[in-house]
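Protein chains in written order, with our numbering: chain A, 1 to 325; chain B, 1001 to 1294.
Quick caveat, the hints were computed from the structure, so don't treat them as lab data. Take the hints with a grain of salt, since some may be wrong.
Computed beta-carbon distance windows for the label pairs [unchecked claim]:
id : chain 1 : residue 1 : chain 2 : residue 2 : range
1  : B       : 1087      : A       : 133       : 35 to 45 Å
2  : B       : 1158      : A       : 236       : 27 to 37 Å
3  : B       : 1216      : A       : 270       : 26 to 36 Å
4  : A       : 180       : B       : 1220      : 39 to 49 Å
5  : A       : 236       : B       : 1061      : 27 to 37 Å
6  : B       : 1216      : A       : 267       : 19 to 29 Å
7  : A       : 186       : B       : 1224      : 48 to 58 Å
One side only, chain B facing chain A, incomplete, derived with CB under 7 Å [to be verified]:
id : residue
8  : 1089
9  : 1178
10 : 1230
11 : 1265
12 : 1269
13 : 1278
14 : 1280
Everything numeric in this text was worked out from a predicted model, so none of it was measured. Glycine included, each C-beta is placed from N, C-alpha and C at the ideal position.
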Amino acid sequence: MKSAAVRVFVLGAFVAVPFIETNSYWLHIFGVALIGAILALGLQLLIGMAGLLSLGQGAFYGIGAYVSAVLTLHFGVPFPIAFFFAGVVAALSSLLLVPIVKLQGSSLAVATLGFNIIIYLVLLNEDWATGGSYGLLNVPLPRIFGYELTTERDMYFFCLFVAALVYLALDRLVNSRFGRALKAISQDEDAARACGISINRYKSKCFLVAAFTAGIAGSLYAHHARYLNPNDFTFTKSIEILIMVVVGGLGSLPGAVIGAIVIVLMPEYLRSAGELRLILFGVLVVVLMGFSRGGIAGLAPMLVQRITQYRLPWQAKVSESREMK
Amino acid sequence: MSAEQFIQGIIGGLAIGCIYSLIALGITMIIRATEILHFAQGELMMIGSMAGLSAMWMVDLPFVLVLVIGMIGGGVAAMLIELSIYRTLRSLRVPLINIVVATFGVSLILQNVARLVWGSEPLRYPSLFTSRGIDLGGFAISPQLIWIVVLGFAMMVILQLFFRYTRLGVAMQAAAQDPEAAQLMGISVKKTTTYTFVVAGVMAGAAGVLLGSLFFASFNMGFLVGIKAFVAATLGGLGSLTGAMLGGIAFGLIETFAGVLISTAYKDAVGMVVLIAILLLAPSGIFIRAGRRI
Chain A
1 MKSAAVRVFV LGAFVAVPFI ETNSYWLHIF GVALIGAILA LGLQLLIGMA GLLSLGQGAF
61 YGIGAYVSAV LTLHFGVPFP IAFFFAGVVA ALSSLLLVPI VKLQGSSLAV ATLGFNIIIY
121 LVLLNEDWAT GGSYGLLNVP LPRIFGYELT TERDMYFFCL FVAALVYLAL DRLVNSRFGR
181 ALKAISQDED AARACGISIN RYKSKCFLVA AFTAGIAGSL YAHHARYLNP NDFTFTKSIE
241 ILIMVVVGGL GSLPGAVIGA IVIVLMPEYL RSAGELRLIL FGVLVVVLMG FSRGGIAGLA
301 PMLVQRITQY RLPWQAKVSE SREMK
Chain B
1001 MSAEQFIQGI IGGLAIGCIY SLIALGITMI IRATEILHFA QGELMMIGSM AGLSAMWMVD
1061 LPFVLVLVIG MIGGGVAAML IELSIYRTLR SLRVPLINIV VATFGVSLIL QNVARLVWGS
1121 EPLRYPSLFT SRGIDLGGFA ISPQLIWIVV LGFAMMVILQ LFFRYTRLGV AMQAAAQDPE
1181 AAQLMGISVK KTTTYTFVVA GVMAGAAGVL LGSLFFASFN MGFLVGIKAF VAATLGGLGS
1241 LTGAMLGGIA FGLIETFAGV LISTAYKDAV GMVVLIAILL LAPSGIFIRA GRRI
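If we strip away everything but chain A, and leave its shape as in the complex, we get (with noise of 0.2 Å):
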């Protein structure tokens, strides 16, 4: 099995980056990557798999964390039903977009994001729950099982047992029954419904499964950064994680993963150019646009091909004139 063998190699390089950057600091930022991978691969089913844009998850993510740190910090409950709560809260949440699935293309990501307006201004106004603009604070660390995660290598951990989770589900989920009906509706909604494959009903579980996704991750985000402002779960959050999928590469679960890590670290690397550093980033994703069909993940593969295939001029030569002969 040698796509086990990546697997476990891959793994194993993520554990073991707490033990080579311990700065905390870093290590935070880490987190941060991995809670973005979550969301870049929620968002990857939507678009890549079932090819449904949409600009909504960041009101999920919203919904998520705030559903978590309200029940831990206000009513006590104890983390891991908080987490749980917060996935389907978000869930249940995404069946408030079902009329509006059957939407095509621009009218759907215009609608979705309509959603995320109408979510962030409900975070923003009702402060008697949400906080308003002064936000939440001291929202609790982590407990589960008696035992609480006070350090930011802890939380790294537990981020990574998460989005692993996650990984494995949606990757199991795409090459499923469910991941095939989702493909042929990306690619011919017509012959699928020919097919018996009910359109609205899959591109709605779709959306619900994405919601549970991003709601999780919230949950993760609230205990992670311990303070909640609306302002992180506006639009650009949405198109943020956009940009995640389609510079990872889309249609692509390790691409997902790839760009949420690229798209969250390279601000921090460019930290050093000062008042250049988001005209920089914004041209990194204009190039890396035009760089390849496949984002990243597609990036590499045609790498390694070009340097394996590589002829030097003069066996370029002789292999043509042997063609000749």
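Assemble the complex: chain A is given as a structure, and chain B must be docked to it using the hints.
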């Protein structure tokens, strides 16, 4: 709601609606010609606004000239982006979604370049008209708003005339409708696409000067307004010019009256709820049938 509030709501809604319409027209033209969802359109508006303001700092100009300079600013910025970025991306034959994501990158670049050039503080437009209100049977209406409505409508009429009566305008429409047939008729689709971006940028630049004169000009004024213009264009049916125009005005009115009648905090949410409701009833927008001819 008194009659005075009502009239002021109408005028205010029309003014902001005209601004949305001008931006939405550009978005729609670009979608028709290239299928690109251009999320940097709001930033073109911001560039136009800044260009007009900078010109006014240097010389004391009449408002119409400021508007023209804003239009030139938006048009030039759009042309540079199209030639350097979008044309390159199209020639690389990347999938459409890559270009759409690249427009977010462009939006980020334009915002931050503008922040470097013009600073991050909101900049005040000098008062362009006498601040004394026009007396309209007992209550006052700001002349600023009326000018915005008049100029906005004038721009839209000129755009329609351009599309109907000039060779270039007709060629642009032909290329948008059927690029292959247009190419066979001897139209350079490559060129008309660039012109489409220029005209869209000019419209956005005009919107920028009008919006700046109403509030402030700042490096981040464009993003939210651009998104709202997108909503307006969708409301009217993406791909129809008349739809974009009416959608913008409808969205401006909805937003203004929602602010007065329902709540200021949720005025944006009302617009979005209306959008989602309309998309459900008529998935291709309200004005698509009226707009198909143009």
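Hints versus structure:
| no. | hint | in the structure |
| --- | --- | --- |
| 1 | 1087/B x 133/A: 35 to 45 Å | 42 Å, holds |
| 2 | 1158/B x 236/A: 27 to 37 Å | 35 Å, holds |
| 3 | 1216/B x 270/A: 26 to 36 Å | 29 Å, holds |
| 4 | 180/A x 1220/B: 39 to 49 Å | 44 Å, holds |
| 5 | 236/A x 1061/B: 27 to 37 Å | 35 Å, holds |
| 6 | 1216/B x 267/A: 19 to 29 Å | 27 Å, holds |
| 7 | 186/A x 1224/B: 48 to 58 Å | 31 Å, violated |
| 8 | 1089 | 5 Å, holds |
| 9 | 1178 | 20 Å, violated |
| 10 | 1230 | 6 Å, holds |
| 11 | 1265 | 5 Å, holds |
| 12 | 1269 | 5 Å, holds |
| 13 | 1278 | 10 Å, violated |
| 14 | 1280 | 5 Å, holds |
In the structure shown, a violation is registered for the earlier hints numbered 7, 9 and 13, in ascending order.
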